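Visitor: Listed below are the residues making up each chain.
2 protein chains.
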Amino acid sequence: MKKIGILGGGQLGRMLQAEAQQRNMPVYCMDKSENAPASLYRDFYTIGDIRNYDDVMSFGADKDVITVEIEHINLEALRDLEKAGKEVYPNPDALEIIKNKNIQKSFYHSIGIPIPEFSSFNSKDEAVIVFEQWKNRLPCIYKSAEMGYDGKGVRTIRAIDDVLALDDIPGAFEQRIDIDIEIAVMIARSPDGNYVLYPPLAMYFDPENHILSEVYYPANMGKNIVEEMNRIAVKVTETLNICGLCAFEFFITSSGEVVLNEIAPRPHNSMHISMNNAHCSQFEQHLRAISGLPLGSSVMEKAGIMYNIIGEEDDYGTAEWTGWHEVMNLHEVYVHLYGKTEIKPARKMGHINIVGDDLSKLKEKLLTIRQYFKNRKS
Amino acid sequence: MKKIGILGGGQLGRMLQAEAQQRNMPVYCMDKSENAPASLYRDFYTIGDIRNYDDVMSFGADKDVITVEIEHINLEALRDLEKAGKEVYPNPDALEIIKNKNIQKSFYHSIGIPIPEFSSFNSKDEAVIVFEQWKNRLPCIYKSAEMGYDGKGVRTIRAIDDVLALDDIPGAFEQRIDIDIEIAVMIARSPDGNYVLYPPLAMYFDPENHILSEVYYPANMGKNIVEEMNRIAVKVTETLNICGLCAFEFFITSSGEVVLNEIAPRPHNSMHISMNNAHCSQFEQHLRAISGLPLGSSVMEKAGIMYNIIGEEDDYGTAEWTGWHEVMNLHEVYVHLYGKTEIKPARKMGHINIVGDDLSKLKEKLLTIRQYFKNRKS
Chain A
108 MKKIGILGGG QLGRMLQAEA QQRNMPVYCM DKSENAPASL YRDFYTIGDI RNYDDVMSFG
168 ADKDVITVEI EHINLEALRD LEKAGKEVYP NPDALEIIKN KNIQKSFYHS IGIPIPEFSS
228 FNSKDEAVIV FEQWKNRLPC IYKSAEMGYD GKGVRTIRAI DDVLALDDIP GAFEQRIDID
288 IEIAVMIARS PDGNYVLYPP LAMYFDPENH ILSEVYYPAN MGKNIVEEMN RIAVKVTETL
348 NICGLCAFEF FITSSGEVVL NEIAPRPHNS MHISMNNAHC SQFEQHLRAI SGLPLGSSVM
408 EKAGIMYNII GEEDDYGTAE WTGWHEVMNL HEVYVHLYGK TEIKPARKMG HINIVGDDLS
468 KLKEKLLTIR QYFKNRKS
Chain B
108 MKKIGILGGG QLGRMLQAEA QQRNMPVYCM DKSENAPASL YRDFYTIGDI RNYDDVMSFG
168 ADKDVITVEI EHINLEALRD LEKAGKEVYP NPDALEIIKN KNIQKSFYHS IGIPIPEFSS
228 FNSKDEAVIV FEQWKNRLPC IYKSAEMGYD GKGVRTIRAI DDVLALDDIP GAFEQRIDID
288 IEIAVMIARS PDGNYVLYPP LAMYFDPENH ILSEVYYPAN MGKNIVEEMN RIAVKVTETL
348 NICGLCAFEF FITSSGEVVL NEIAPRPHNS MHISMNNAHC SQFEQHLRAI SGLPLGSSVM
408 EKAGIMYNII GEEDDYGTAE WTGWHEVMNL HEVYVHLYGK TEIKPARKMG HINIVGDDLS
468 KLKEKLLTIR QYFKNRKS
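Chains as they are written, first to last, in the working numbering: chain A, 108 to 485; chain B, 108 to 485.
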C-alpha cells in the first residue's frame, strides 16, 4: 500500500482517516494544532504548518503520495516534493489556479466554461476604479481572491460605501446571478484518467453567513442540466489533470442556464451525505483515486438530507449537545461530530445525515433535529 | 454524555470506538498491549490488565459506565465498581455465569432452555470417570469451562486416548448434535428493559479449527424456529438482566429443534455484517443501549455475507495483503482490518462485508475475494 500524507487535519482529514484506518491504509495527517480533528488518530498525526516550506517537505519526505484537505498549502514545497518523485494530488499547478479565485475565473474563461461576469482587481484603489463599471448593475457580489471559503471573503455590494469598507487585498466583483438553485457535483478521477461522477445534490446556504446549511438528494432537474454540469466537471478536471476528488459548485439560473461558481479539488462538505447513502463514500473514493486503486461505485440508493451543525451567533465555550434522545429516536439518522471541543459562531462542528426512501419523511425528521439538537448555552 | 470505559481493546473495542468517536462520545478502552487494535484511538486508550483488580479499579474510577468486549475480566473489581455507583454492563453476576461454560450450562438447564446433553467435570481424573457414561455415545464434544472462544478449548472426543490428552482443568463432555445449521441471534437490551432483536444469521465455521468463517443473511428457516430463538434470547437476557448486546449461538438440528449452544454478552463476530447492511450497526447499538439512549433500528435492508480474514496455517510475520485491486473492483464490498501488524495462524485479522440485493451474486463476489485477498507469504 502506498504511504499517503494528507496536508491539513480538519474534519475532512479526520473523515479520510476513518476510512483509511478501517482498511489499515498507511495514511498520515499534518496540521498545526495539537488537537485538530484528525489528531484523533494520534499515531498517524504530525504537528506542522501546511504553509511552511520546511514542515511540508519534512512531512512529505517519507510518503509516496501527498494530498490536501484544504487549498492553502505551501506550493513551493509541493512542487519540490513532486520533483523528488512523490505523487502529488491535486497537482500543484491546478492548486495554484484554484486557490486564487481571480486566477480560477480567468482559467474558466479561457476554456469557455460559463461563469458569472466578473471584474478582478488587486487592491482597494483598483476596486474603486473597477466599481465604475458595476454601479449601474447593483447589487453585485464581492469575493476576495484568496482564503475565501465557508462564506468568508464574500460580501454583497450595494453602494460605493461597501467598496470603501473592503480590505485592501485582491478580489473581484461578480454579477449577481438570478439563482434558481445551487447544485454540487462531485467527480473522482484516477491517475490513469478514469473517472466517476456522483449524482448532483441541491445545496442550501445560510442567507446571513453564506455557509452551507443543508444538502438534499435527489435534486430534481432536467437531464440537460445534469449533462451540462457533468460535461463541465469532466472538462475542468481533465484540463487541470486533477486526480482524486473535485467538487463543483454550480448556479442554475431561473432560465435554466448552468453557471460554474467554483471548485474544490478535495473532499467537500456538499458530499458528506455519501457517508450514509452511497455505495462508496467520498472519503473512501478519494483514497481509492489517489492510491491508484479502482474507483468505487457512486450510486446513491437512498434519498438523503445532510444538515450541518454550525455554531450559532452566541455559541461560545465548550460544545455540549442537547437533543441526543430525540435525534437518536429517529431511525436512519447518523450524527457525525468532528471532535472540536470549542464552539464558535459559524464554526462547523459536525453534520447529521438523514437517509431513507422518501425525501418528504426525511424533511420531517430534519424539523425534529433542528428543534432539539443544539449547543447548550453556557 | 456518560463517560464509558470498555475493558478490552481488541477489534471489538476498536470498532466500538469508531462509532463512539464519530459521535464524540467519551469512550475509553483498556488493554494490556501498547498496540492493541483499540490503541488506534491513543488519547482514549489506557494500558492495563483487565484481569488485574487494581488496573480495573483505577480505569473505572472516573467512568460512569463500564462495559466489556471480552468476558475474562477481574470480577471482584467489577463488583466493587458497581458498589461504588458505576453502571456495569453486563452485570458481574451475569458475567460470572457466562464466563464459565459449565456454570452457563447449569443455568440454562435451571430455567428450561434446550441445550445439548452434557456432563461436567473439574479435573482430568473426573473426566476419565465421567467418560464412562459417554463411551457408548462417541464421538462427543469436549469443551473447557473457561477461556474457550474462537474454537479454543473445543475438541472432538473419539476414544479414551482423547480424554487422557486433555489438560487437567474443568470442562464438560457434550452431546454431538446432528446440526442442520448454526444460527446467530443478537439482542440489544437497555437498562429500562426495552430490547431490539436483529434478524437471525447463518454461521459457517472452519471444520479444522472451529473458528467462524462466514456469516450469511438472510438465513432461511421456518417462522417457528425464529420465534423460538427470539423467545430464548429474550428469556435469557431478562433472567440475567443483561444490558447492552448479547449474542446467541444456536444449533438447529436436522429435525428442526432449536438448541442453545452459548452466548456472549457483548458485540460479536457473527454480527459484523450489521456495519454495512443494517440501519444501526451492532457497535452503535451497544453504545446506545449502555448509555441509556434509545435503541436503534435493527432492520437489515440488504442481503450480506461476512467473510472473516484469518491467519492461515503457515501465516507468520508482518501481514501484507494481496488482491486489493481485485477486491476493490467489486462494488458494495467493504474491507475492515483491525490494525494487527503481526499475522499468526488462526488470528482474526479483519473481515470483509459483501452486501447487495441478491445473495447468489454476493457468493460470486466471495469467490473472487477468497481467491485474491490473501496474506503475502514472507
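Hints are not guaranteed to be accurate.
Stated by the list, open to error - DSSO-like cross-link-like pairs, simulated, lysine-lysine; straight-line CA separation at most 27 Å:
(1) B:K470 / A:K409
(2) A:K468 / A:K206
(3) B:K206 / B:K484
(4) B:K109 / A:K455
(5) A:K484 / A:K455
(6) B:K484 / A:K109
(7) B:K109 / A:K451
(8) B:K451 / A:K110
(9) B:K484 / A:K470
(10) A:K409 / A:K451
(11) A:K409 / A:K330
(12) A:K409 / B:K468
(13) A:K206 / A:K330
(14) B:K110 / A:K455
(15) B:K259 / B:K409
(16) B:K330 / B:K193
(17) A:K231 / A:K242
(18) A:K109 / B:K110
(19) A:K109 / B:K481
(20) A:K109 / B:K468
(21) A:K484 / B:K206
(22) A:K110 / B:K193
(23) B:K409 / A:K468
(24) A:K110 / B:K484
(25) B:K451 / B:K409
(26) A:K193 / A:K342
(27) A:K481 / B:K110
(28) B:K109 / A:K481
(29) B:K481 / A:K110
(30) A:K451 / B:K110
(31) B:K409 / A:K409
(32) B:K110 / A:K484
(33) B:K470 / B:K481
Keep in mind the hints are simulated off the structure, nothing from the lab. Given the structure is predicted, the values throughout are model-derived calculations rather than measurements.
Visitor: If you draw a straight line from the CA of A:K110 to the CA of B:K484, is it 27 Å or shorter?
Guide: holds, 21 Å
Visitor: Against the 27 Å threshold, does the CA-CA distance of A:K110 and B:K193 hold or violate the hint?
Guide: violated, 43 Å
Visitor: Take a quick look at whether A:K193 and A:K342 sit within 27 Å of each other, Cα to Cα.
Guide: Since the Cα atoms of A:K193 and A:K342 sit roughly 25 Å apart, the hinted pair holds (cutoff 27 Å).
Visitor: Given the hint that B:K409 pairs with A:K409, does the C-alpha gap stay at or below 27 Å?
Guide: With Cα atoms ~13 Å apart, B:K409 and A:K409 stay inside 27 Å; holds.
Visitor: Are the Cα atoms of A:K409 and A:K330 separated by 27 Å or less?
Guide: holds, 20 Å
Visitor: Do the alpha carbons of B:K484 and A:K109 lie within 27 Å of each other, as the hint requires?
Guide: Between B:K484 and A:K109 the Cα gap is close to 19 Å, so the pair holds against 27 Å.
Visitor: For a C-alpha distance cap of 27 Å, please report whether B:K484 and A:K470 respect it.
Guide: violated, 52 Å
Visitor: Holds or violated: A:K409 with A:K451, Cα cutoff 27 Å?
Guide: violated, 33 Å
Visitor: Are B:K330 and B:K193 close enough, with their CA atoms no more than 27 Å apart?
Guide: violated, 40 Å
Visitor: Need the status of pair B:K259, B:K409: alpha-carbon distance at most 27 Å?
Guide: violated, 32 Å
Visitor: Within a Cα-Cα threshold of 27 Å, do A:K206 and A:K330 meet the stated pairing?
Guide: It is violated: about 31 Å lies between the C-alpha atoms, which goes past 27 Å.
Visitor: Hinted pair, alpha-carbon criterion (27 Å max): B:K110, A:K455. Please report holds or violated.
Guide: Between B:K110 and A:K455 the Cα gap is close to 24 Å, so the pair holds against 27 Å.
Checked against the numbered hints listed earlier, the structure breaks hints 2, 3, 9, 10, 13, 15, 16, 18, 20, 21, 22, 25; every other hint is satisfied.
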